[in-house]
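Undergrad: Heads up: the sequence lines are chains X and P, in that order. With our numbering as the guide, the letters of the first sequence map in order to residues 662 to 906. With our numbering as the guide, the letters of the second sequence map in order to residues 169 to 487.
Hints should not be assumed to be uniformly reliable.
[Said to hold, decoys possible] Computed footprint of chain P on chain X, listed as stretches where at least three residues anywhere in the stretch have a Cβ under 8 Å from a Cβ of chain P:
hint : region
1    : 734 to 747
2    : 776 to 787
3    : 812 to 821
Just so you know, these hints were derived from the structure itself, not from any lab. Owing to the predicted nature of the structure, the values given are computational and were not obtained by experimental measurement. Every residue gets a Cβ at the ideal spot worked out from N, C-alpha and C, and that includes glycine.
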Amino acid sequence: MLRVEAVKKSFDGFLAVNEADLLVEKGEIIAVIGPNGAGKTTLFNLITGQLKPDTGRIIFKDEDIAGVPPYEICKKGISRSFQIVNIFNRLTVFENVQVAMLSHQKKTFNLFSPAKGQVIRETKEILDNVGLSDKASKISGSLSHGDQKVLEMAIALGNRPELLILDEPTAGLSPEETSVTIDMINRLTTDLGLTILFCEHDMELVFSIAHKIMVMQQGKSIIQAPPDQVRDNREVQEAYLGGSA
Amino acid sequence: MFRNIFNLKSFVPIVVFFIVLLILPPIIPRFYTYIIAVMFVTSLLAMSLNMVLGHGGMFQFHHGAFYGVGAYTFALILTKTTLPMWVGFAAGPIVAALVGLLVGWFCVRLNRLYFGMLQISLGSLIWAIAFRWYSLTSGDDGIHGIPMPSILSSLNCSYYFILIVLAICLVGMYLIFKSPFGTTLQAIRDNPQRCEAVGVNVRRHQLAAIVIATFFAGVAGVLFVVLERSVFPDLLFWVLSLEIFIMCLLGGWFTFLGPMLGAAITVALRTFVGIYTEYWTLILGVILILLIFFLPEGVFGYFIEKFKERGTTDMLEEK
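With the sequences and hints as input, model every part of the structure.
TA: Next comes the structure, spelled out in structure tokens:
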């Protein structure tokens, strides 16, 4: 479904992503792990168009999407959440998801029919799905960090993506909130048939839900394999897991 | 269509207010009728700016330019051509919107402050044209004594005309504010990066907002001519743009009606404090400082906030 080939990206001479490869098949849950600064977020930014790769190809459904603007990539079926909460602060929770839905249904240039009557059912469905429906009319900026992280994901779902990219979905969450998020990720793949690509520091979470794990170090992709093979890989143990594994 | 967005609770006071405005002119002195009409025109101008500023999050620093373009277009068509009157009425807003499209096309390529800087330079260019092109615009003399049809001859008639046009514009603006486009625009204000990530072409929406806002600024320009029967380059000067920018902040730029209140306060200050001292802007400055510290959401924003608090406590008590 998504194939990243030898992608490079440098910032002022610093190679953030250096010859990274990644393969995502339909229906899989793929995790990207690596130490801080390994280039995980940069890689995601390259895939979703926030950044343009210097060289390399990013193929999504047989189409090279490298360098395509983010709003075009989103329309092709990839949507994402962000590591640092990135929501519409002054809008209500409902409106946050509604905007994504309106954009998905190409209604954002609709000038005269009230937004109150648009995509209500679809938006409610998503809020129900993630468990935010009781907070629908709250201003999103006033939510707790945990709820904002969930909203972050709900906005991404509003575009009805085929591939959902999550950048550290549980960063800063309590253990309870984390387990709720894990349940949700599992449910999304089984119920909605979503393909999920995510990166995460919580190793327990990664090894418990990912079908395959891609390990990055200093911008390079070292290996992409099922969890047990990654655990046993010497290179990974030395580079990343230290002696602990 | 309307039932969905106008609730009865806010509808009744608005209708009452409108009726009061309708019956005022015959009973109040001419001077006050004139001042209220000035408030109407200024409100429309401030609210058109707020579409891009408060709802769209763009620092449109030189919105006055489009007001001036609307006014000049209308004035020039009435004085230099033999075209029928209605052409002038239509052309004012349309030309303002076209200039808005041109200026906006460049500006939306830039972010935040740079957007504002380019706005000021391009707007000042328009001012310079109006100021220097003596044969067309009479330069700093302006154009005075613009003929109006008999139906708009008296002050009261222009008052009613302005009030009705303002009401129509407000309904239009409110519909846009509450439309999917309006919601998307507010999302862009809050977070343009995220908007792109959910598939919104941010620049195109910003440009559309600028065109719509400059159209309404053009309408305000036409109404200015209807009221004053003259145009002069000050209409396009950056000082006026700054003044309407302040009106938006003063009234509450995240609210819909806030700028209207801001405009009314500013016009009232200019008129009534201006009688005593030409340094009335000093008072405005002090008010602005107090505002930044105590009412960062603006006057109207403050009341809405208060009202909401009361609303939620009422609900809690009912439970």
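Undergrad: Any of the earlier hints contradicted here, and which numbers?
TA: No numbers; nothing is violated.
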